[in-house]
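Trainee: These two chains come separately, so use the hints to put the complex back together.
Protein sequences appear in the order of chains H and C.
Take the first sequence: its letters are residues 78 to 355, numbered as in the working numbering.
Take the second sequence: its letters are residues 823 to 1112, numbered as in the working numbering.
By construction, these hints were calculated from the structure, which means they are not laboratory data.
Given the structure is predicted, the values throughout are model-derived calculations rather than measurements.
Any given hint could be a false lead.
Stretches of chain C that chain H covers, calculated by requiring three or more beta carbons in the stretch to come under 8 Å of a beta carbon on chain H [as the list claims (entries may be wrong)]:
1. 924 to 934
2. 977 to 985
Computed list of chain C residues with no C-beta within reach of chain H, every gap over 10 Å [said to hold, decoys possible]:
3. Met905
4. Tyr958
5. Leu969
6. Thr1009
7. Asp1039
For glycine and all other residues, C-beta sits at the position ideal for the given N, C-alpha and C.
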Amino acid sequence: MDRVDGVDPVDQRRDDDGHPFLRVEGLGKRFGGIQAVADVSLDLARGELLGIIGPNGSGKTTLVNLISGFVRPSAGEVRFRGRRIDRMPPHRIVRLGIARTFQMVRPFYELPAYKNMIIPLFSPRVRGLVGGKYGDRDAVALDLLEEVGFERDAFVAYKPAGALPQGYLKRLELAKAMALEPELLILDELFSGLSLAEVASIVPIIEKLRQGGMTLIMIEHRLRELFRIADRVVVLNHGRKIADGPPAAVMEMDAVKSAYLGAAAETAETSDPETEAP
Amino acid sequence: MLIGTAIYALINSFILALMAMGFNLTFGISGVANFAYGAFYVMAAYGAWIFTHKAGLPYGVAVMLSIGLTTMGGALMYRFVLMRVRGQTLSEVIATFGMGLAILELFRYMGFVGFEYTLPNLVEGSVFFLGVYVDYQRLLIVAVGALMVVGLWLFTRFTSLGLAFRGIAQDERTALTFGMDPDRIATIAVAFGAGLAAIAAVVIVPLGTISPEEGYDVLIKALAVCIIGGLGSTGGVIAASFLIGFAERFTDAYIGSHWTMIVSLAAILLVLAVKPSGLFGHQKELEERI
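Isolated chain C, as found in the complex (with noise of 0.2 Å):
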């Protein structure tokens, strides 16, 4: 019982990291709080659908099409709305949370809710590990979980372009003193977060159906792990994936399926009212400031 608890714990994590972490980029990168982040993860699991059984494409293909094409709206969505109000807090997540409930409600109104709206497994099978049944797509889960954890760490730590945007991601002074467009750079920033959004959407959503709830469901989580983790913190995301993932399961299996949404909204509240700014988050100093 404990094992099995923990090892679903474990997977739980890699889904709220995978959750959390475009989000999280978009705001480390270029400070944009994208509400209409559950829209984009829902978009790209119906538009995978769509290619599938309305277009007939190969599984693949469609998956891969509707990654790239949810990266695309990200960025039209900067460039078309966002650009606009960019600078206004207030305004830019006025306006991707309006964004966010037109897309999903328009699914919605589209009809695009019942059991047949989800996506079939990429890898079939399962494994008996420790004493528990594990399916292969949730240790793709894992995999794909722990390959983009590593990857973005590789990369903001060692390649000169990931240092490059760290740099812009903390300092917007040094990256127009050195001839940085901040909009293009926001445009790829809130673009990989749809994309990143996107490739959890396709590895998760065969785990449960598509439905515009789901939508509000991911933003949630997202918000969730990065309030406790604290904002733009690659580190507190994953560490906020964790507490909030291993809490979660061990709710559920020691004390009661029924607590388990509490856990993270306690948690949330915990963490706002001791340190506001996230357990790996710091306020910029008021001199930092332009």
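Bound-form chain H, shown alone (with noise of 0.2 Å):
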């Protein structure tokens, strides 16, 4: 793991020396006169599962694209244990460990789901982790497929991605990015579109993830399934943190009842809306 594009055992020292996992701090987006992001800070420990939420347009979706690089951030900073991940291309960003599924799925439909793999198992981040070899990627790509749901004995993998029901679509996007084997793993709505039966579904996988040390974000609206496995959650409105904490306790929050309940909000109005969650 340490050969991955200059993380150097220095760095991962340090990491061990308690520099946060990811110390977001001050981070602001401005797309022209829309503040989509502004002024968030967190700090996310290895292993956590921290769940981002907030009403539509939040800017929720910006502060994961900030993350991953996808949107450079007008203010703020982004660390990864340690180094400033701010100003660096998505590409460069996934080398480093973190990898992101988007909201919207687009595998190539033609193609057998198993074989939509072969652009994550050929990542310069995979190749860096086995040293430029990667053994037979089918046989990779069809292990990766069962660990999310594809039962091997229907073949489920070899049928084409255009005719997988959206739940297979999102644990094909998963099994994509858990190619990567990233440390931190960003899920932008990976429950969206899905039926309760499916969302039940996919809820052991990332259970199992997280028994394996991994680190999650978790952008969701179904709350009820997000608070059953987050450690944490963020709450997010007209891109400001108004809460930070446990899942129970958050809720229980005037600024987050105001956010989320419409007339709420309206007799809430008064109240400051930066107020930070302890």
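Mentor: Here is the structure:
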């Protein structure tokens, strides 16, 4: 693992010395006249599962785009294991060990599911980890897909991606990100568009990843399912962090209630919208 | 007459496909429209000529060296010029077109014009076939063209690297998500395209002479094929090459040779009016653009 693109042993030691795994400080992004993300700070420890929630347009996806390098911040900084990553392009950040999925799945519909795994398995990140060789890519692809619930006996992985239901497409996205062997995995609305049963079948996969020591950030609208697995939740509203804490405690906060409930928001308008949770 | 025309039309189609393939490959993988493409073609031909006549190298070595250097030229052009204007399509077009002009006019300025500037046939002789004489060089063009088309098709469909290239071609976001450097991919794409132009040059040039004009001509033909077939589509390049290749030869044989040039230009206008994305091309959905 040490040989990944510039991550020298010194960096790793500093991480163990108490450098935060991920630290976001005063992060902001302005698109023209719109402040999409404003002054967001948060810390993430190794092995944690952090949920990011908030109403539509509250800046959740922008925040994740800022961390993964797809959008450049207008203010603030992001440090991953002590190293500044907020000026790096996305492909460099991936090589440091931050992988992500997108809300909108874009598989190659005409290719079989397991052939879709080709691109992550060709990634320099993976080549960096295994020293240039990755054995039989198809076998690795099939193993990973089985891990995310592609039943091997039913040969689901051999079907064209275009013939798969949404639940499998989301799991394919998850498998593609997992193929990069990330240290931090960011999932952008993995549960959206899925039935309760489909979500229920994905939750154990995420729990298993956690048991393996994976650090995760999940953007979710499906709060009930998220709260069952998240250690901590950050709530965004109008680009600002309005709460940060364990799921149960966060949902009791007035600022969060008013952000989520339209009617309550009217009455809570007078309270300071920047109230930071402890 | 009919069979002879058909055979020469077939050869003409392979010439067009060879000329267009590199331009198409570069665009397909990286989205760079390399307007210096014709200049690379001419540069490879002059390179092979200079290495044989001035440096005295054996012809085979000269050809290999020239193809290699042209490929490197493509990579250098991306690294030192295009990379700095990457993403600004208009600037990319102007930069590549400017480079092409500079290279072609430099050759003209240095006096590389005349009948002595040509390359020898790689294979001599001819064969009498279905009532027409076809020389081995033209058969070689067909063979190389077919080999490239089939090779490229197999490569992009059945090898992992080819599939990865195709994936990147379809979706830059995916490339970035999985840690691939778009600049590196584009460097390879432009270099491959220049290399294909060089291969086309060394097999096609023996039929005529090398001149700066040839560079403009190749660029126009490559553009015509790609516009008609649909930019970035390999199937489109093949279909369009055959369409123009046959139309040109049959016009030449049955209507008049002075109409030949009109055929491809009219086809461009027609396709642009009816289906601007080309026969096999498709516009990207809005949501697919980053």
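Trainee: Holds or violated: is the Cβ of Asp1039 (chain C) farther than 10 Å from all Cβ atoms of chain H?
Mentor: Check passes; 37 Å lies beyond 10 Å.
Trainee: May I ask you to check that Tyr958 (chain C) keeps its beta-carbon over 10 Å from the closest beta-carbon of chain H?
Mentor: Consistent with the label, Tyr958 (chain C) stays out of reach of chain H, its closest Cβ about 40 Å off (over 10 Å).
Trainee: Beyond 10 Å from every Cβ of chain H: is that where the Cβ of Met905 (chain C) lies?
Mentor: Its Cβ never comes within 10 Å of chain H, the nearest being 13 Å, so this holds.
Trainee: Confirm or reject the statement that Leu969 (chain C) sits farther than 10 Å, beta carbon to beta carbon, from all of chain H.
Mentor: Non-interface label on Leu969 (chain C) holds, nearest chain H Cβ at 25 Å vs cutoff 10 Å.
Trainee: Test coverage of the region 924 to 934 of chain C by chain H using CB-CB distances below 8 Å; three residues minimum.
Mentor: violated (count 0)
Trainee: Is the Cβ of Thr1009 (chain C) more than 10 Å away from each Cβ in chain H?
Mentor: holds (14 Å)
Trainee: Mind checking, does the region 977 to 985 of chain C have 3 or more residues with a CB under 8 Å from chain H?
Mentor: holds (count 3)
In summary, the structure is inconsistent with hint 1 from the numbered list given earlier, while agreeing with all the others.
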